[in-house]
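In terms of the UniProt record's numbering, the sequence shown has 4 at position 4, counting the first letter as 1, and numbering is strictly consecutive.
Some hints here could point you the wrong way.
Below, in silico cross-link-like pairs of lysine-lysine (BS3-like), each with a Cα-Cα straight-line distance of 27 Å or less [stated by the list, open to error]: (1) 69 - 113; (2) 125 - 169; (3) 125 - 113.
Taking CB as the label site, the calculated pair distances span [stated by the list, open to error]: (4) 119 - 181: 47 to 55 Å; (5) 197 - 175: 28 to 36 Å; (6) 117 - 188: 33 to 41 Å; (7) 59 - 183: 54 to 62 Å; (8) 180 - 42: 29 to 37 Å; (9) 95 - 117: 36 to 44 Å; (10) 197 - 29: 53 to 61 Å.
By construction, these hints were calculated from the structure, which means they are not laboratory data. Glycine is no exception: its CB is placed at the ideal position from the N, C-alpha and C atoms.
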Amino acid sequence: MKIQIDKQSFFIILISGFLLWTRVESIRFDLESGHTKCIAEDIKSNSMTVGKYHIVNPNEDHPLPDSHKITVRVTSAYGNSYHYSDHVTEGHFAFQAAEAGDYMACFFASDQKPSTTITVDFDWKSGVAAKDWTNVAKKGSVEVMELELKKMFDTVQSIHDEMFYLREKEEEMQELNRSTNSKMAWFSFLSFFICLSCGWTAAMAFEVVLRKEEAHLMVF
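Make a model of the complete structure from these sequences and hints.
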């Protein structure tokens with residue numbers, strides 16, 4: 001099957017890919033001692049993901065105090081652990097996702113007296129954004145234009161894969177809706193049957209009571 005793309009659609013794809021490529025992935029957040037903060041990232045199966053983190057020194061003229069240490073754990077949606085570091089000031093992780101879904105990166109600061117606040121810089125990239133293009137350029141000795149084309153191709157491929165991934169998610173949601181609607185229909189029918197049975201039972205009991213009352217009156 002041959003796919004034809006007009007110029008307008010082609011430029012839209014290129015612009016979308018450029019925006020996807022240049023998006024900022026780094027975040028900075030505060031973490032109080034004795035608390036945990038988790039960040040989720042939706043990652044497709046077989047996608048590469050890399051992350052790095054470090055504690056921001058509140059006083060650059062002095063080394064980090066001993067109280068500024070964190071524990072970091074990265075887990076999949078099914079609870080499988082992909083990274084764990086205890087009592088560290090910085091670290092990084094890189095792995096290929098074996099499962100699709102929301103991956104959680106959780107940061108924990110041990111309890112301190114008095115309470116302290118730690119500032120953490122965290123950079124997490126997945127898919128085409130996680131590729132080390134500097135090494136690609138060095139290893140392949142490619143020209144700048146060829147490198148940019150490789151970036152663009154991988155970005156467009158990532159958008160294509162993302163569209164199919166979202167379509168699969170939509171089909172799963174539709175199947176879940178159909179299953180839920182079917183169960184609700186059976187539940188409604190069962191509720192109606194139970195109500196009808198209770199009404200019939202109450203009517204029969206009321207009829208028995210009336211007959212007993214009539215028999216009692218006839219005796220007198």
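Assuming the hint says 36 to 44 Å, is it satisfied by the Cβ distance from residue 95 to residue 117 or not?
Violated - the Cβ-Cβ distance for residue 95 and residue 117, about 30 Å, lies outside 36 to 44 Å.
Evaluate the given range 47 to 55 Å for the C-beta pair formed by residue 119 and residue 181.
holds (48 Å)
Does the hinted range 28 to 36 Å hold for residue 197 and residue 175 at CB?
The hinted range 28 to 36 Å holds for residue 197 and residue 175, with Cβ atoms some 33 Å apart.
Is the distance from the Cβ of residue 117 to the Cβ of residue 188 consistent with 33 to 41 Å?
violated (53 Å)
Decide if the proposed pair is consistent with the structure: residue 125 and residue 169, CA atoms, cutoff 27 Å inclusive.
holds (21 Å)
Distance restraint evaluation - residue 197, residue 29, Cβ atoms, bounds 53 to 61 Å:
holds (58 Å)
Is 29 to 37 Å respected by the C-beta to C-beta distance linking residue 180 and residue 42?
Distance hint for residue 180, residue 42 is violated at roughly 23 Å.
Residue 69 and residue 113 were given as a pair; does the straight-line alpha-carbon distance stay at or below 27 Å?
It holds: about 14 Å lies between the C-alpha atoms, which stays within 27 Å.
Given the proposed pairing of residue 125 with residue 113, does the C-alpha separation stay at or below 27 Å?
Violated. Residue 125 to residue 113 sits at ~35 Å, over the 27 Å cutoff.
Assuming the hint says 54 to 62 Å, is it satisfied by the Cβ distance from residue 59 to residue 183 or not?
With Cβ atoms ~60 Å apart, the hint holds.
Violated hints, listed in ascending order, are 3, 6, 8, 9; each of the other numbered hints is respected by the structure.
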